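Protein sequences, first through last, are from chains A and B. Residues in the first sequence are numbered from 153 upward in steps of one, following this note's numbering. Residues in the second sequence are numbered from 94 upward in steps of one, following this note's numbering.
Read the hints as simulated data drawn from the structure, not as lab findings. In this text the structure is predicted, and so the values were computed from the model without any measurement. Every residue gets a Cβ at the ideal spot worked out from N, C-alpha and C, and that includes glycine. There may be inaccurate statements among the hints.
Covered by chain B, according to a simulated footprint, are these stretches of chain A (three or more residues, beta-carbon under 8 Å) [said to hold, decoys possible]:
| id | region |
| --- | --- |
| 1 | 481-490 |
| 2 | 533-547 |
Which residues of chain B face chain A? A few of them, derived with a C-beta cut under 7 Å, are [said to hold, decoys possible]:
| id | residue |
| --- | --- |
| 3 | Gln226 |
| 4 | Ala271 |
| 5 | Leu276 |
| 6 | Lys295 |
| 7 | Pro364 |
What follows is each chain in one-letter form.
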Amino acid sequence: MLVGAANLLGQVRAEIDNLNVFPVPDGDTGTNMYLTFLNGVKEMQSLNNSSLGTVAEAFARGCLLGARGNSGVILSQIVRGFADALVGKERAGVHELAVAFSLGNEYAYRAVDNPVEGTILTVCRAISRAALDASSKTRDLLRVIIYTYRQAQQALDHTPELLPVLKEAGVVDAGGKGLVVILEGIIKALEDLAVKKDIQLFELATFQQRQFAPFRKAKLSAEIDYTYCTEFVLVGQNIPIDTLKKELAPYGDCLLVVGNEKTAKVHIHSNHPGLVLECGLKYGNLRSVDINNMEEQYLEWKGVPAEEKQPLGIVAVGSGEGLNAILESLGASVVDGGPTMNPSAQDLATAIRNAKADFVLVLPNNGNILLAAEQAVKIAGRPAQVVPSVSIPQGIAALMAFNPYSSLEESIAKMMEAIKKVKTGEITRAARDSHLNGRNIREGDYLGLVEGRVVTCGSNLLEVLKQILQEMMRDSSYLVTLYFGGELTTLEAESLTEAMRKHFPEAEFELYYGGHPLYEFIISVE
Amino acid sequence: MNKIRIVTDSTADLPRELIEKYNIVVVPLKVMFGQEIYRDGVDLTSRQFFQKLRASSTLPTTSQPSPQEFLEAYQPLVEEKASIISIHISSSLSGTIQSAKLAKSMLGYEDLEIIDSRLVSLALGLVVLAAAQKAAEGFSKEEVREAAGQVINNIQAYFLVDTLEYLQRGGRIGKAQAFLGSLLNVKPICTLKEGIIYPYEKVRGKPKAMERLVEIIAEKFPPGSHLWCALAHGDDFEGVEQLKERLIKRVTIKQLITGEIGPVVGTHAGPGLLGIIVCPVWGVS
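Pulled out of the complex, with its shape left as it was, chain A reads as follows (with noise of 0.2 Å):
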């Protein structure tokens, strides 16, 4: 269906361009028989939705009926052995193509009592064969068409030879060039569904370039060559597309440029939309024109929120490089504390300030900032909270739990959830020497500190560790986090881990590097 009806309104759409400058060389045989196609044309338009066979007899009864002249006649006769031979048909491949043009050609040679070779009926002839030829050897029909075409443009050349008159005249047959011309209009609108084809494709294609290509860029580095995607359409009569692609290509990359002489669509990567433009300009009007900057889609790929807020946003106190890396890594805007590892209040409500975030939580992760958060809460002068993180792994553990697209009230109860699960643990080095809790603690004696209480001490890291650790993991725990700091190097806390995940079998250890001061190591149990 789609194959006949597109065929049939390529013989209208292009017939009607054509025959229009018909060059009339005898007599009106062009008007005729353009008015009689044209009478076929208009018995065909005016049914709806049908199918192919009744299409054709549509067509072949306007012609008919539309008949003027000689050539007039003959070529209704043509349009009426084609269409007999599509009736009932649904769908029409090449094979049943040639076999309608044959027998239109047969018509055509009955309905002349006489009939004489240079004329029309030749160049008929040759189309049947053509037809018949080269669907046998392809199953393209623009292919068969196109092949056909040029028979018939040959058997047309030849006409002078067959008819001595035409030889004088110098001229071809014009009735011939009729059926040579329709042929033309045909493959002319093939070619523009084609195109029309190769746009939707076209579409396509960069439909998914804008909508995946921006985060499909792995280069971590943000370097993007060309920041504008530039789309339009450029309308013309005589667009010279390989011109236009040869122009273009220095402005920019991914080129794309489809379509013929009459419309033509344009995608590149540039960084001088406006020149681009300007280019199409000189072949044509500039439609749908589609500029994006491609930049401010990466960076909102790559996390740094271009215009883009979240729900909720955390600002959380941290402090050595590695804490702070891994803080921010789990979602917070990291406010370092500093040598002393207390941030000022003001630092804390600058944080506040700059989150991109309609409502922020702030995570002290120490019981000494905790009133310092609140200060900065008062004072930030938008909506925030203050969730009471007391450690390090309570603010981790936190973290954990915080999901920015959860509501509010959620994220505050499931943070505080975690905060209560995690138990923290902290080994630093006595600064002098000193009595508590009935021990004798020297000065650069290792203390072992849970939730902040000392509850053992003594000169040998890796036992002090060990202590720590049993005291934390009392009831049936499972996974020890270990943040190491201080002065302590990595190959130290590596082996002292390996030590203790001997000792502790049942135990999950994981170890990472802090970079804080004063603390060996920060210990979460959960």
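Starting from the structure of chain A, add chain B where the hints point.
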């Protein structure tokens, strides 16, 4: 009444037996490893894909079916004069629906309905299955459509991935971007919402994450609810078995399908995906 035929695409990750049982037409997307192009599930199976992924130095990419391929899939059904219901991957995750719609406009066949599931993988699969089952039972086109709609509205999917990197590189990470880059051996649990991927919860360590997946389902669906369930995995047969064992202890499952994600979904999720997709069952025969 015309016969109803169900069409979907290869991202539905439906097991072969079910596709054949219900005569579902599956239009494949494509996976590209460098210059090699494979049709999802046709030229490349899940097993082959994950093997190739491990061996390959470059990451594969994917692409949607062309309108022509949809045309070719629809054509025989049009000739059968069937009522076609074509259910596909979320339009926010792939341009597949666009191709289907273009094919429909090229065909000019009225009795063809294209549904954007706003889902993917076995979540899409369950929608397709619901439609196929209803169609097989002789229900009308409208009833089949409604059944599909009900599943779409009530289905919930939660899944964990080994790393969000694959989703990020393929550009489908959606809002789960918020969970990117966690340095603490975090296994992000994500969900499908509004047609894209949303973050749900961060959990540390895969064993804990698997436990949480089951717990989430138990939390979301009250005891006594009857559930239709699909378990999806990427190259983790052991994991999905463990998941199954734990799940059936916690909830009542009326129908359970287990499937491995195909190459296209695998490209974006990466190996190690474990997912539970659940839909409450209502009055299905």
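Verification of the hints:
no. : hint    : result
1   : 481-490 : holds (count 3)
2   : 533-547 : violated (count 0)
3   : Gln226  : violated, 32 Å
4   : Ala271  : holds, 5 Å
5   : Leu276  : holds, 4 Å
6   : Lys295  : holds, 5 Å
7   : Pro364  : violated, 19 Å
Violated hints for the displayed structure, listed by number in ascending order: 2, 3, 7.
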